[in-house]
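*Asks:* For reference, the chains in residue letters:
There are 2 protein chains.
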Amino acid sequence: MRKIDVKIPSRPKDSYTIAIGNNLLGSILTKVKKRMPKKNLFVLTDANVAKAGLLKKLLKSSKLPYYIISPAGERSKHIQTVTKIIESMEKKALGRDCAVIALGGGTVGDIAGFVAAIYKRGVPVIQIPTTTVSQADSAIGGKTGVDSSISKNAYGSFHHPSAVYIDVSTLKTLNKKQFNTGLVETIKHALIADEKYFIYLQKNMKDIIAKKPGPLEYIALKNCQVKASVVEIDPYEKNKRRILNYGHTIGHAVESASNYRILHGQAVAIGIIAANIIEQKLGFGDKKRLSELKKLFKQMNISLKIPKSITKRKILDIISRDKKAVNKWPRFVLLAETGKVLCKKGDYAHNVKRKIVEDAIDILLKQSF
Amino acid sequence: MRKIDVKIPSRPKDSYTIAIGNNLLGSILTKVKKRMPKKNLFVLTDANVAKAGLLKKLLKSSKLPYYIISPAGERSKHIQTVTKIIESMEKKALGRDCAVIALGGGTVGDIAGFVAAIYKRGVPVIQIPTTTVSQADSAIGGKTGVDSSISKNAYGSFHHPSAVYIDVSTLKTLNKKQFNTGLVETIKHALIADEKYFIYLQKNMKDIIAKKPGPLEYIALKNCQVKASVVEIDPYEKNKRRILNYGHTIGHAVESASNYRILHGQAVAIGIIAANIIEQKLGFGDKKRLSELKKLFKQMNISLKIPKSITKRKILDIISRDKKAVNKWPRFVLLAETGKVLCKKGDYAHNVKRKIVEDAIDILLKQSF
Chain G
134 MRKIDVKIPS
144 RPKDSYTIAI
154 GNNLLGSILT
164 KVKKRMPKKN
174 LFVLTDANVA
184 KAGLLKKLLK
194 SSKLPYYIIS
204 PAGERSKHIQ
214 TVTKIIESME
224 KKALGRDCAV
234 IALGGGTVGD
244 IAGFVAAIYK
254 RGVPVIQIPT
264 TTVSQADSAI
274 GGKTGVDSSI
284 SKNAYGSFHH
294 PSAVYIDVST
304 LKTLNKKQFN
314 TGLVETIKHA
324 LIADEKYFIY
334 LQKNMKDIIA
344 KKPGPLEYIA
354 LKNCQVKASV
364 VEIDPYEKNK
374 RRILNYGHTI
384 GHAVESASNY
394 RILHGQAVAI
404 GIIAANIIEQ
414 KLGFGDKKRL
424 SELKKLFKQM
434 NISLKIPKSI
444 TKRKILDIIS
454 RDKKAVNKWP
464 RFVLLAETGK
474 VLCKKGDYAH
484 NVKRKIVEDA
494 IDILLKQSF
Chain W
134 MRKIDVKIPS
144 RPKDSYTIAI
154 GNNLLGSILT
164 KVKKRMPKKN
174 LFVLTDANVA
184 KAGLLKKLLK
194 SSKLPYYIIS
204 PAGERSKHIQ
214 TVTKIIESME
224 KKALGRDCAV
234 IALGGGTVGD
244 IAGFVAAIYK
254 RGVPVIQIPT
264 TTVSQADSAI
274 GGKTGVDSSI
284 SKNAYGSFHH
294 PSAVYIDVST
304 LKTLNKKQFN
314 TGLVETIKHA
324 LIADEKYFIY
334 LQKNMKDIIA
344 KKPGPLEYIA
354 LKNCQVKASV
364 VEIDPYEKNK
374 RRILNYGHTI
384 GHAVESASNY
394 RILHGQAVAI
404 GIIAANIIEQ
414 KLGFGDKKRL
424 SELKKLFKQM
434 NISLKIPKSI
444 TKRKILDIIS
454 RDKKAVNKWP
464 RFVLLAETGK
474 VLCKKGDYAH
484 NVKRKIVEDA
494 IDILLKQSF
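Read top to bottom, the protein sequences are chains G and W.
The first sequence stops at residue 502 when you use this note's numbering, and every number in between is there.
The second sequence stops at residue 502 when you use this note's numbering, and every number in between is there.
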């Protein structure tokens, strides 16, 4: 037998800039064209964003090709949407020298990032997140993906954006429910990384909910700092990045079991409560934080009630297919204290006995919040 | 406006091993399980390979889950096949801790590589190429991809294999046409990298066609060396890797215009002749090499005749949508001499005037080989 070793050279360090401001949208295209003058730009957005006038504000008189994902929302985050978009790009004769601009929330960003990752073996993506959740979370860090008919993010890729532009004025287009549920990722960031930030959020939630530009720019900045600090250490989710999944294991399952009638943020809020219950069962939970969280979610008008159609069995079935599952059982991110994730022997995701998870789900389902 | 820079850390050097031998197949699974004991393995193959008994030889008594792509061949290299495979993997509850084994030719390897690249944001792939073309070319280097309903490799990703196992005895399962057309990539390797290897091929083509294990192992080794030397320098096809596309620009177009009735190798042979004609028109072509190539292709029983249904217009239309096109016009890899690719100012892909390409296509279409 003969053997040859093929070397894969190292990839050099790289970086991208997140620009945060108020009323930025109208000037972004000029900035992008200056950054990448040779790229044929292509804009991806969805029906809601277009209807809210943001596409027009971005494009102004420009004749860039675009695609409007319709209907807006999680239901379109499916491989079939990707197929339609890619065929539309091909019909527009876009080559490997194109770049995708994602204008919208997490769904648009995830789809656009994935399309860019796989179109002709990869083209750049520029993220312009327009929702609380995407500005805080999904636009940064390079995770992309779409769902299959069976599960969430079955298809995906790590594809870092070339640039991110956050215009907090776009948040005005969101209704109260969308805006508030999107803030759950912000609370998650405070919980896993910064106790002072958690205190800031409790003190300033009223102004944030009132969409005052100052606090909005501040939390955008804080969120990006938390997310960036984690992503920089572990861009491909080998270990520490998992802490961003706090509240997401049971959260995702509830979201999926509800057939996406429960919004992502609301599901994560439920998942955060579930994690707290598990923490308490393991002996290091914090009852004070649980009541603070419940108070905060109440102020944000986020219901933690789970519909009766979602059974324990359904949740267990879904978490066993979690993409981070090992031997068909997920590992959980847990808090050691507010602002600090539990880390054991360098590991941030932990095996929790089935019985404890089942009991926590029982409490979750029975409790009336 | 506030700005944050997000650092993407460098990726360390990496490598993978290509093992080459005769009658290896039965022992590969043991080797893979030793290499990655924690991975849940999943085998992807196609109907032809399974029918030829290779799947059985690989699996022996093992109960690994597998998926058989049907029908075998280019027609299945489509995003719809990927969707079916991924849903099958989900139904088998395979998590992110699985690894995909690709057993088959270029189509299987490309599909499996792409599936592995995007399944739950990426899992390892082990390539076991079983055809002349995949052993020489597609199994090495990490290019993966599938077609859309509009064009070839519209979907794709760079995803390096974790290991490659080449068993030349698997080539016995190929019929003469498959075997011979697959050798065109071997000739391409000699043309772009090694004049002596081109002379070896001319001298030993009879033994190669007779599938003698010695020469087969030798060309497998040489091919991997040529391919690896290029891929190591430029894994993500920024520049030098493009030389592997020699003969592929017009080759792909002819293949696509024939609706894949013309086999890939045959199409590349036509593309190599086209490149030679372009080289001659540009003043540095080699008539001697052209006649050597025609002689070699004749010995290999590869027809260079293009069906009448494939018009100049069709070819031009397809090459303008080439994924390496810049401003809707492809750039061509050309030979300066046998074994040496033309490089101008560090560039390996060249702009060729439309008129010259059109004239070359005219000659190609009119010529009776």
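These are computed hints drawn from the structure, not numbers from a lab.
Hints are supplied without guarantee of correctness; some may be wrong.
Note: identical chains are not told apart, hence a pair may lie in one copy or across any two.
What the hints assert, rightly or not - Straight-line C-alpha distance at most 25 Å; calculated BS3-like pairs for lysine-lysine:
id, residue 1, residue 2
1, K225, K355
2, K461, K196
3, K167, K136
4, K146, K373
5, K344, K189
6, K146, K371
7, K461, K336
8, K305, K164
9, K371, K140
10, K225, K345
11, K184, K441
12, K414, K136
13, K438, K421
14, K329, K438
15, K373, K172
16, K427, K196
17, K217, K310
18, K499, K420
19, K499, K473
20, K344, K457
21, K428, K167
22, K441, K136
23, K189, K438
24, K486, K344
25, K305, K190
26, K224, K189
27, K193, K339
*Asks:* Could you work out which of the previously given hints the structure breaks and list their numbers from low to high?
*Replies:* 1, 7, 10, 11, 12, 14, 16, 17, 19, 20, 21, 22, 23, 24, 27
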